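Please construct the entire structure, taking both the sequences and the accompanying hints into account.
Number of protein chains: 2
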Amino acid sequence: MAIVKVEIRTGAYYDSVILMQLQRSLAEQPGVIDAGVVMGTEANKDVLEQSNLLVPEAVAANPDDLVIVVNGDDEAAAQAAIDKVDELVSARRSSAGDEDYRPHSMETAVQMLPDAHWVLVSVPGRYADGVARQALELGKHVFLYSDNVSLEDEIALKKEAASKGLLVMGPDCGTAIVNGIGLGFANKVRKGPIGMVAASGTGLQQVSVRIHQMGGGMTHALGTGGRDLSEAVNAITARQGLDLMARDPETKVIVLVSKPPSPKVADELVKAARSAGKPVVVNFIGYATASRRMDNIFFATTFDEAAELAVSLVDSDEDFAAEPDISMFAEGQRYLRGLFSGGTLQYEALLVLAHYFPEVYSNAPLDKRYMLADSLVSLEHTVIDLGEDEFTVGRLHPMMDNDLRIRRLEREAADREVAVILLDVVLGYGAHSDPASELAPAIAAGIKTARDAGRHLEVVAVVSGTDEDPQGMDDQIQLLLDAGARVETSNDAAARYVGRLLQAIERSIHPIRTVEMTQVDLEPLKKPLAGINVGLDSFTEALVEQASQVVHMDWKPVAGGNEKLAGILERMKGK
Amino acid sequence: MAIVKVEIRTGAYYDSVILMQLQRSLAEQPGVIDAGVVMGTEANKDVLEQSNLLVPEAVAANPDDLVIVVNGDDEAAAQAAIDKVDELVSARRSSAGDEDYRPHSMETAVQMLPDAHWVLVSVPGRYADGVARQALELGKHVFLYSDNVSLEDEIALKKEAASKGLLVMGPDCGTAIVNGIGLGFANKVRKGPIGMVAASGTGLQQVSVRIHQMGGGMTHALGTGGRDLSEAVNAITARQGLDLMARDPETKVIVLVSKPPSPKVADELVKAARSAGKPVVVNFIGYATASRRMDNIFFATTFDEAAELAVSLVDSDEDFAAEPDISMFAEGQRYLRGLFSGGTLQYEALLVLAHYFPEVYSNAPLDKRYMLADSLVSLEHTVIDLGEDEFTVGRLHPMMDNDLRIRRLEREAADREVAVILLDVVLGYGAHSDPASELAPAIAAGIKTARDAGRHLEVVAVVSGTDEDPQGMDDQIQLLLDAGARVETSNDAAARYVGRLLQAIERSIHPIRTVEMTQVDLEPLKKPLAGINVGLDSFTEALVEQASQVVHMDWKPVAGGNEKLAGILERMKGK
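Here the protein sequences line up with chains E and L, keeping their order. When we follow my numbering, the leftmost residue of the first sequence carries the number 1, and every step to the right adds one. When we follow my numbering, the leftmost residue of the second sequence carries the number 576, and every step to the right adds one.
FYI, nobody ran anything at the bench for these hints, they're computed from the structure. Because the structure is a prediction, the values reported are computed rather than measured. The C-beta atom is built at its ideal place from N, Cα and C for all residues, glycine as well. One should not assume that every hint holds.
Claimed, not checked - Chain E stretches covered by chain L per the calculated footprint, using a threshold of three residues with CB under 8 Å from any CB of chain L:
| hint | region |
| --- | --- |
| 1 | 184–196 |
| 2 | 233–245 |
| 3 | 303–309 |
| 4 | 324–334 |
| 5 | 400–410 |
| 6 | 455–466 |
| 7 | 522–535 |
What the hints assert, rightly or not - The calculated lysine to any residue pairs, modelled on SDA-like cross-linking and capped at a C-alpha distance of 20 Å, are:
| hint | chain 1 | residue 1 | chain 2 | residue 2 |
| --- | --- | --- | --- | --- |
| 8 | E | K527 | E | K45 |
| 9 | E | K45 | L | V968 |
| 10 | L | K620 | E | K368 |
| 11 | L | K620 | E | L404 |
| 12 | E | K45 | L | D949 |
| 13 | E | K191 | L | G1047 |
| 14 | L | K620 | E | K45 |
| 15 | E | K368 | L | P933 |
| 16 | L | K846 | L | P933 |
Following this line, the structure appears as structure tokens:
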């Protein structure tokens, strides 16, 4: 009759690899049906229960306790397996080999490999903060694989690192690629001109493998840990990574990936990315955007799409660093006045403009806070829909009757704070038979009013029509051009042009305050990667496999993981 | 000295064209500086105030009153202009010409043009409901340009129309194209295989002109009025339009456009579009979607993009009507179990799956309502992340240790309600050196378990890796294929495949209940358009210009717009 035997070892530390191997070895012993070797956490007890291994002694175990359970054909077989535990553990330890050459302190490790700029930390979560802190004190970047690290510790570590120009990638950072060498879980990806910053381990892996599969390659792919874009952490590592990629001349295209971010932090990071001077592909999961592209920012919704975009952008010859010329505007000119006859064109323009400045007043605003008290009086940036019901009681639609728009245009042009007027000209049957013949003189007059007062008025007209429309589209466009307007046939493109222009003016008035941070030195990243690994053997093996220099530090918790004893030792040290 | 003279006419009705022309004519009289001719609404009073024409008599006017204001060089000039009003009005009326041939009732109009299937209504809002109702009673589709129509009237009209297989496009429907002929404001757009349904006038115009500019063309473009996708109206017209486009053999690609819709109504409409059997491009402004494509649905964020997608899809040779084969599954098999090692891959899969069925349980769900009480016990559709912290205390990450996944797979395979198992296999440094050697036998065993019980278990494996990864990607894939799994390298594609499969099963269990509606007859839409126009002259002129048959009905409000008198007349008729 099958019987379950259990042994609890209190306050003992074994690393996860040993636990896995021990469990497998026990399960392979003669007469053993199944075995479990786990720390006594609630989740692990649930797992034991699923396998019918949760006996009462195991139920009583604490998270610090090692629980060894064996289900054997009979008592003797089960007991024999349990009795083999120590033998199996020491066999495993000696087979790991090379232990004599492993340093027992980080200082020694650094002396052995002074070129190491990276410390990989994969010790259990509760010890990880201390190890990472030690690495920062020694001036090393930290790849922090460990999970179960507190949010407070994460924030403190990252702030400390940022002040020193160092990176803390993690906690719970599964992967990174630095100068072609994978840290943690990382695929062998071709070198190339795409750089990535990812608050998502599998996101980084999936995008990088798709880039490779599509023939592309990467400079660096830096993980940040999945919480980096939370409001609490405020994207400290992602900001550093983005800044680094923007400065790195080898990186031509940047990819930003994140698990569902705080919308506020995501917005800020996108804003920072706008100044990168390079195309940036953004794939923040669950982050809704009104458009697919905003200047140098390209929004992707899946990993596949992010990879495709990044690869396709490598060969773009567009100048993503170009800034619009705003020298023709006079001091004080800064606002937009949009005068639309088409309601949805107006709405689309508001959505596009929101990427540049969300504060746009309207009689049909995106956000009720920006509802105009009086539709006839503009405030700061204002975009109105003159086809709204309020304007059309006993009055023709503005597509037929230009009177209201012309009167409004005249008034806006006289406003010394107005820099840009945006309007639509909708052609087609039913509409005014020659709108440009009325709008063009009004535009020319408005431009003259501004010029006479020493200002420049930029008028942008979106002409919506076809070459077969009764008004003659080309003639209409020519009239508007002759009047001094800029003409677009894409509403989206017109709104983006206006957005960029006004944003440039705004930045000239209020330059972006950059977050104080010590820049990360690019030079060490260009050298062959050398690292110190503290924790999982397999990460050392992976670096060796990639012909990287690595020193494995032989780490053990204080007092062998016995917390009571560790506490006594701490107190004896007078800490 | 300039002086403002005013005249108020109580209870008089003039159409908007006459008001505009009157205002212009007055402004052109000798000695006149500016003039205003408007109905006495608050908005119009504000407009008068802007032009310094709001004298106290005008302030006191009611919305039904006609307000005539003239600012003249002197009293004589202003008075002379006002005295000319009646003369100008009657000159205008006789110049309109052909009035003798205009029917005064809709019945007569229908007798004059029995082929007319459309009635265009552009009378002032408060009269529009009555005119539209009359058109429906006569079995005509209604193009309802008028705005200022109440929501209640809109709903009642649309329900009435739908029950008769008729369309009410509007109210506030600015535009439509039926069989190449534009109604209201409409551009001259090439005929072609793209059909559109739009709850946005300028959206319809802008997308249609961009399609034309890109060389494409349209079957029909039906406006619905901007409120059609509100929760109250529930997309009655859009549903009819979509159904019609889906049935129309000439329409190869459908475009759906809307002003910001009710998310619930938008979801339902997208669901209906999934069954169209054709590609459908959706551009619902402000409607966020997790991916760009879902089977036959393509999400666009701007009008330009909607047009580009539509034109590019015309030549697609993909079979959008194909349904997945689900005949191999046994009765009762219906659920998905996803066992991920990569957290963000799991999250992306959840986002994609949400397009097929939002109810997916998880230990890291999109919606907290679907949080698993116990991560180890699946419920209905379940997708779990085995790399979550709860599983990794004192245990290796599932990318290194397959034990938990194998145990779970075995259990899920034995569940008679499970149809599909989805899992990821992440290769690369640091990960398990040969994951397929452990997972493939488990997959084969799971498939066998199901087969032995008379079921089919579909196992889909997403392999994330490169051809240079140490595990040998091709070998890993081959092992999984040999075990009977379907293998994908794109997580997105894998999730979409699974979504389609399970959705097909679900539909076989619970067929979609279609909303009861009388189908709109396609035949009249294929004939040259003939219409009856009630309201704006310019819409009649536009139809004539397009060589379309049209009868202009000479409409005037009861009692010349005098509401008091109209009320008395109504009571006399005993209504």
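Hint check results:
1. 184–196: It holds: at least three residues are needed, and the region 184–196 of chain E offers 7 whose Cβ sits within less than 8 Å of chain L.
2. 233–245: violated (count 0)
3. 303–309: Coverage by chain L holds for the region 303–309 of chain E (3 residues, Cβ < 8 Å).
4. 324–334: Result for this restraint: violated, n = 0.
5. 400–410: Coverage by chain L holds for the region 400–410 of chain E (5 residues, Cβ < 8 Å).
6. 455–466: That given contact holds, which follows from 3 residues of the region 455–466 of chain E lying within Cβ reach (below 8 Å) of chain L.
7. 522–535: Coverage by chain L is violated for the region 522–535 of chain E (0 residues, Cβ < 8 Å).
8. E:K527 <-> E:K45: 46 Å, violated
9. E:K45 <-> L:V968: Within the cut-off at roughly 12 Å; holds.
10. L:K620 <-> E:K368: Roughly 24 Å separates the two Cα atoms, so the pair is violated.
11. L:K620 <-> E:L404: This hinted pair holds, its Cα atoms lying about 13 Å apart.
12. E:K45 <-> L:D949: 12 Å, holds
13. E:K191 <-> L:G1047: 19 Å, holds
14. L:K620 <-> E:K45: 76 Å, violated
15. E:K368 <-> L:P933: Violated: K368 of chain E and P933 of chain L sit about 30 Å apart, past 20 Å.
16. L:K846 <-> L:P933: The hint holds at about 13 Å.
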